[in-house]
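Chains as they are written, first to last, in numbering that gives the first Met the number 0: chain A, 0 to 460; chain B, 0 to 211.
Capping the alpha-carbon separation at 27 Å, the derived lysine-lysine pairs in DSSO-like fashion look like this:
{"#": "1", "chain 1": "B", "residue 1": "K202", "chain 2": "A", "residue 2": "K30"}
{"#": "2", "chain 1": "B", "residue 1": "K68", "chain 2": "B", "residue 2": "K202"}
{"#": "3", "chain 1": "B", "residue 1": "K192", "chain 2": "A", "residue 2": "K324"}
{"#": "4", "chain 1": "B", "residue 1": "K95", "chain 2": "B", "residue 2": "K68"}
Some chain A residues close to chain B (C-beta under 10 Å, calculated; not the full set):
{"#": "5", "residue": "L45"}
{"#": "6", "residue": "K85"}
{"#": "7", "residue": "F138"}
{"#": "8", "residue": "L223"}
{"#": "9", "residue": "L248"}
{"#": "10", "residue": "W252"}
{"#": "11", "residue": "T265"}
{"#": "12", "residue": "T269"}
{"#": "13", "residue": "R276"}
{"#": "14", "residue": "L290"}
Residues of chain B clear of chain A, computed beta-carbon distances all greater than 12 Å:
{"#": "15", "residue": "T44"}
{"#": "16", "residue": "E58"}
{"#": "17", "residue": "F73"}
{"#": "18", "residue": "I79"}
{"#": "19", "residue": "D80"}
{"#": "20", "residue": "D103"}
{"#": "21", "residue": "E211"}
Because the hints were derived from the structure by calculation, they are not lab data. Beta carbons are placed, not taken as given, at the ideal position from N, Cα and C, and that holds for glycine.
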Amino acid sequence: MSNQATKFSQAATRIAFDMRHRQTIRFNIAKYDFAVNNGRQRYQSLALAKQRAAYLKRLVLANWDTYLCTFEAKATQNGIQVLWAKDSKEATTYIQQILHDEKAHLLVKSKSMTTEEIMLNECAEALGCESLETDLGEFIVQLAGEKPYHIVTPAMHKSKEDVALLFAEKFQTPLQSTPEQLTNFVRELLRQKYTQADIGVTGANFLIADIGGVALTENEGNGLMSTAFPKVHIVIAGIEKLIPSVNDLGLLWPLLAAHGTGQQITNYNTIFTGPRRKGEADGPEKMIVILLDNARTDLYADAACSESLACIRCGACLNACPVYKTVGGYTYDTTYSGPIGSVITPFLKGFINFGHLSTASSLCGACATVCPVLIPLPQLLLENRRKSVEKNLRPMAEKMLMQGFRLLSSSRMAYDIFPAELKNLAFAPFNFILWGPKRKMPTFASKSFSQRYKQLNSYKK
Amino acid sequence: MPNIDSRELILSRIRKAKTMHLPQIPAQPEQNASVFHPITESEATCFKKELELVSGKCEICPTEAVMAKKIHHFITDSAIDKLFCRDNAIIEFLQKNKIPYTNDEAEFTTMQAAITSCEFLVARTGTVVVSSAGNSGRQLMVFPPIHLVIATKKRLVPYLSDAITALQHQYGDNFPSLVSFVSGPSRTADIEKTLVLGAHGPKQLQVFLHNE
Numbered sequence: 000m001s002n003q004a005t006k007f008s009q010a011a012t013r014i015a016f017d018m019r020h021r022q023t024i025r026f027n028i029a030k031y032d033f034a035v036n037n038g039r040q041r042y043q044s045l046a047l048a049k050q051r052a053a054y055l056k057r058l059v060l061a062n063w064d065t066y067l068c069t070f071e072a073k074a075t076q077n078g079i080q081v082l083w084a085k086d087s088k089e090a091t092t093y094i095q096q097i098l099h100d101e102k103a104h105l106l107v108k109s110k111s112m113t114t115e116e117i118m119l120n121e122c123a124e125a126l127g128c129e130s131l132e133t134d135l136g137e138f139i140v141q142l143a144g145e146k147p148y149h150i151v152t153p154a155m156h157k158s159k160e161d162v163a164l165l166f167a168e169k170f171q172t173p174l175q176s177t178p179e180q181l182t183n184f185v186r187e188l189l190r191q192k193y194t195q196a197d198i199g200v201t202g203a204n205f206l207i208a209d210i211g212g213v214a215l216t217e218n219e220g221n222g223l224m225s226t227a228f229p230k231v232h233i234v235i236a237g238i239e240k241l242i243p244s245v246n247d248l249g250l251l252w253p254l255l256a257a258h259g260t261g262q263q264i265t266n267y268n269t270i271f272t273g274p275r276r277k278g279e280a281d282g283p284e285k286m287i288v289i290l291l292d293n294a295r296t297d298l299y300a301d302a303a304c305s306e307s308l309a310c311i312r313c314g315a316c317l318n319a320c321p322v323y324k325t326v327g328g329y330t331y332d333t334t335y336s337g338p339i340g341s342v343i344t345p346f347l348k349g350f351i352n353f354g355h356l357s358t359a360s361s362l363c364g365a366c367a368t369v370c371p372v373l374i375p376l377p378q379l380l381l382e383n384r385r386k387s388v389e390k391n392l393r394p395m396a397e398k399m400l401m402q403g404f405r406l407l408s409s410s411r412m413a414y415d416i417f418p419a420e421l422k423n424l425a426f427a428p429f430n431f432i433l434w435g436p437k438r439k440m441p442t443f444a445s446k447s448f449s450q451r452y453k454q455l456n457s458y459k460k
Numbered sequence: 000m001p002n003i004d005s006r007e008l009i010l011s012r013i014r015k016a017k018t019m020h021l022p023q024i025p026a027q028p029e030q031n032a033s034v035f036h037p038i039t040e041s042e043a044t045c046f047k048k049e050l051e052l053v054s055g056k057c058e059i060c061p062t063e064a065v066m067a068k069k070i071h072h073f074i075t076d077s078a079i080d081k082l083f084c085r086d087n088a089i090i091e092f093l094q095k096n097k098i099p100y101t102n103d104e105a106e107f108t109t110m111q112a113a114i115t116s117c118e119f120l121v122a123r124t125g126t127v128v129v130s131s132a133g134n135s136g137r138q139l140m141v142f143p144p145i146h147l148v149i150a151t152k153k154r155l156v157p158y159l160s161d162a163i164t165a166l167q168h169q170y171g172d173n174f175p176s177l178v179s180f181v182s183g184p185s186r187t188a189d190i191e192k193t194l195v196l197g198a199h200g201p202k203q204l205q206v207f208l209h210n211e
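Could you build the full structure based on these sequences and the hints that come with them?
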């Protein structure tokens with residue numbers, strides 16, 4: 000097993016029975032489930048909406064190069080500078096160059112997993128430029144020196160008491176502060192920052208090919224604030240974020256909201272098509288879009304898993320996944336966690352270190368059921384398992400065990416030849432080694448199904 | 000600074016992958032039926048109901064004069080001294096109706112409330128579509144603690160897709176640099192999924208809708 004796989008197992012064992020963690024996650028996800036259930040009622044036909052979105056994103060993938068070029072041409076026409084980055088290193092080099100050219104001291108950013116992927120905060124701070132998360136959840140995890148726990152709800156693992164305690168330590172706010180008081184505190188603190196910042200950074204929920212625009216979805220207004228005051232707006236976007244047309248947003252915005260948070264529509268859905276135009280009252284002087292590959296084209300080269308590039312990062316598969324709910328976001332030790340993270344991370348960061356994630360699934364299918372763009376996640380996880388086996392990345396013991404199992408189970412006689420007592424005895428050690436002492440191995444019945452079936456039928460005759 | 004090589008590299012990798020396996024496109028699903036519920040009441044009533052479901056407020060006024068009266072009431076009730084306004088057409092209306100206002104930029108950071116116009120109103124979702132095109136710019140849609148919006152009923156459209164079509168009709172290929180679809184006051188639920196209004200943007204969103 001790779002070091003990462005061992006780390007995963009150890010972290011999972013530790014956190015799975017951490018009752019406080021379990022309670023916090025259950026509480027949050029129960030609230031999410033309730034909201035999503037209400038959100039579904041806002042549709043006359045959610046199934047049709049999902050089919051349309053799935054179709055759209057597949058259409059983009061089939062003509063990916065064409066849409067990218069259309070986007071680039073239109074965006075450039077709009078006065079946006081478009082930069083192509085083959086990997087994180089190139090993206091951070093671009094950003095450091097911009098920070099240097101602008102003599103930037105303060106960067107404010109809205110929530111974006113792509114900026115986590117390229118470690119934007121570390122890259123800015125290496126140049127002595129403060130990089131400030133402005134989404135409340137991101138602000139909390141940055142303050143705590145942590146990474147986002149969840150791709151949509153970064154501070155899901157913290158109770159309100161945890162946050163109040165953190166703020167009391169860092170800002171001397173009262174220990175009894177309510178979520179409302181804490182939110183207000185951050186509001187006032189950040190209002191001064193937006194107006195002083197040199198650079199505003201956002202991600203992109205969608206890159207709109209036909210108008211060369213960027214669509215950003217948020218609830219708090221921090222994305223709008225981060226792009227209303229600073230003189231430079233940088234967008235970091237994965238190249239898979241494309242959609243064909245601005246007209247597709249009428250379908251995609253409500254769908255993203257319904258699956259991300261259960262809202263009918265997210266509070267602020269903004270389309271950016273450039274820096275301040277002639278005659279406009281305010282806005283940045285420059286807008287730069289960095290198109291990030293970072294192994295997305297490797298994922299595309301895989302016949303089966305290329306479909307996962309249709310993902311709109313709503314987070315629904317995380318919230319539905321029994322494994323995610325048990326081991327939590329940090330155990331994955333990746334930027335993208337949950338079922339979608341388990342599918343794409345081996346391509347982004349290598350099968351050697353992250354191939355094991357495809358086994359972090361019970362293949363129950365909940366993720367595929369909730370996916371708004373109909374990605375067959377359990378099948379893709381199985382595909383990745385097969386790849387790990389073919390690449391010889393699974394432990395030797397597992398290989399031998401599976402071969403032994405195949406030998407026994409492929410012949411009825413071999414299966415039935417040993418009495419149940421003996422089989423139970425032989426399997427007993429696994430109760431402690433593989434299955435873990437907190438779970439009980441099911442036992443073999445004294446007679447197998449086949450034996451009982453034969454017996455019953457012989458009576459009838 | 001732009002790296003042409005990376006552009007070519009990325010595009011060529013995509014093209015090469017396409018020759019190895021043709022990406023599958025499912026059959027195009029039915030495109031005409033609406034996936035959303037129909038609007039059964041008037042668009043104004045639907046808009047008001049939807050906006051109020053997401054904690055915004057909407058006053059439907061038969062005339063501009065009634066609207067002026069309602070704005071007077073609102074600022075008195077909310078103890079607002081004056082409205083911040085950058086829009087000349089609205090300033091004319093405020094002057095005519097003796098509603099206290101300022102357009103002094105020195106008062107920007109200390110303002111209690113701002114008033115702007117909007118592009119469109121979306122009935123189904125209770126959405127106010129604002130843009131950077133007018134004098135109000137990007138800042139006034141998000142910075143004020145209280146955001147007042149005035150609109151005529153002509154600005155109402157049924158669905159989001161209608162608002163997008165209307166924007167294309169109005170601006171063609173030349174969109175304002177920012178168009179935002181705002182549905183209610185700023186909100187967050189990042190601490191234990193507890194809803195708090197006014198995360199970074201306005202704590203209140205108040206729409207005044209009139210017939211004229």
